[in-house]
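Undergrad: Quick note, the sequences are listed as chains U and B, same order.
To convert, note that position 152 of the first sequence is 151 in numbering that gives the first Met the number 0; the numbers rise steadily by one, no gaps.
To convert, note that position 158 of the second sequence is 157 in numbering that gives the first Met the number 0; the numbers rise steadily by one, no gaps.
Mixed in with the good hints, there may be bad ones.
[Claimed, not checked] Which chain B residues face chain U? A few, computed with CB under 7 Å, are given here:
id : residue
1  : 201
2  : 202
3  : 206
4  : 209
[Claimed, not checked] Just the calculated beta-carbon pair ranges, DEER-fashion:
id : chain 1 : residue 1 : chain 2 : residue 2 : range
5  : U       : 16        : B       : 80        : 29 to 37 Å
6  : U       : 166       : B       : 77        : 30 to 38 Å
7  : B       : 81        : U       : 139       : 24 to 32 Å
8  : B       : 63        : U       : 1         : 55 to 63 Å
9  : U       : 88        : B       : 190       : 44 to 52 Å
10 : B       : 126       : U       : 66        : 37 to 45 Å
11 : U       : 105       : B       : 65        : 30 to 38 Å
12 : B       : 80        : U       : 168       : 24 to 32 Å
13 : B       : 126       : U       : 167       : 37 to 45 Å
14 : U       : 175       : B       : 77        : 45 to 53 Å
15 : B       : 16        : U       : 18        : 35 to 43 Å
16 : U       : 167       : B       : 20        : 37 to 45 Å
17 : U       : 16        : B       : 60        : 38 to 46 Å
[Claimed, not checked] Which chain B residues face chain U? A few, computed with CB under 8 Å, are given here:
id : residue
18 : 34
19 : 35
20 : 36
21 : 37
22 : 51
23 : 54
24 : 74
25 : 78
26 : 87
27 : 128
28 : 170
29 : 200
30 : 204
The set of hints was computed from the structure by calculation and includes no laboratory data.
Only a predicted model underlies this, so the values are computations on that prediction, with no experimental measurement involved.
Just so it is clear, CB atoms sit at the ideal spot from N, CA and C, and this is done for glycine as well.
So you can see what is in the structure, the chains are spelled out below.
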Amino acid sequence: MKKIQLPLTMEDRRSLRAGEQVLLSGVIYTARDAAHKRMKELLDAGAPLPFDLKDQIIYYVGPTQTPPGMTFGSAGPTTATRMDVYTPQLLDLGLAGMIGKGKRSDAVKQAIIRNQAVYFAAVGGAGALLGLRVKKAETIAFEDLQSEAIRRLEVEDFPVFVCFDSQGNDLYAEDFE
Amino acid sequence: MAVVWLTIGQDVHFTGGSLKAAVNKGVEEAYQGSYLRNSVVSDPVFERKNTLTNTPAVIYTEIVEGDQVVIECAAKGFGSENCSRIKMCKPAEGVEGVRDFILETVKLAGPNACPPMVVGVGVGGTMDYAAYLAKRALVRPLDSENENEQYRQLERECLEQINQLNIGPMGLKGRTTALKVNIEWFPTHIAGMPVAVNINCHVTRHKKVVL
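Chain U on its own, in the form it takes in the complex (with noise of 0.2 Å):
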């Protein structure tokens, strides 16, 4: 399995091709629902963004409460065609990844061509062992969103596979061998 330092840089970037499975190591970001929401609303006033997007990872999961004793609570993938509508403008400002489960518009797709991103998938249900790859777990924004929050994790080898690369390959399409 191919092993990832992050950032991710553009040469990591135009060489990934859905279907691979990858392990990353390094900062991603959490973001949902809520938190896209309130990046909108930042973006739209013209405030700043609580990280710089450049070259990061937006992991769209919102975790369980975190058990006395450990690092980090269960943190599986949420779906991501829920966030659709907000990618393309992040992506544009230098988003250069996200990590989900599900299908993505066409317009994410295009953005994703566009920025040569690239869209990760990682296994739902499975949130209890993704949980044990966060080895550093810190609240950056909008606390009152609880799980929503949007937060900044050290992950080390943490399972993904490409769902929809730079070239625009994807892994869901019907035709994909």
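For chain U, the structure is supplied; the task is to place chain B on it using the hints.
TA: Positioned in the frame of chain U, the structure of chain B alone reads:
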């Protein structure tokens, strides 16, 4: 979101407080005590503020004969809930109409519903009751068989056809797109044939206890 069914024998009398409050307290304690995620917001459209307790639960009660209380609980995920659909089919559409709608719903859900999925179907009743039956169908055990021969056959046929859609686990292709199709049915109006399809992910968390 927690969905709780209480099937209450008519000889049972609850004392010492509100039944609804007791259910919600149980849900809160279960979620906090097990460090599960608080996934409920106070208002669906405007405020959308996390209630921090995972309550309120969706609670259904049914009064039956006897002196038992059956509690069933499902922790329903919404990636799959969002893939659920309802159609007021015309009687003329027949069994083909039901089958086509189930298959179409699964196809549209695709990788979004965390396949291999469990498919709950409610047929008949009214619009709302068909949806209720579809949710009930999701908590029927995966190794159960429909008591009605024709519906049992339809469940099998639908499962077979769903597993030929080549969606596969996590949408990565393959023969296992659904684990089970459960159909619950109820008499309906001469003019209608409501069909509701409630999708669940492969985890399908649910539990039943009898008091």
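Undergrad: Taking the numbered hints from earlier one at a time, note which ones the structure violates and give those numbers from smallest to largest.
TA: 3, 4, 11, 14, 15, 16, 17, 23, 24, 26, 27, 30
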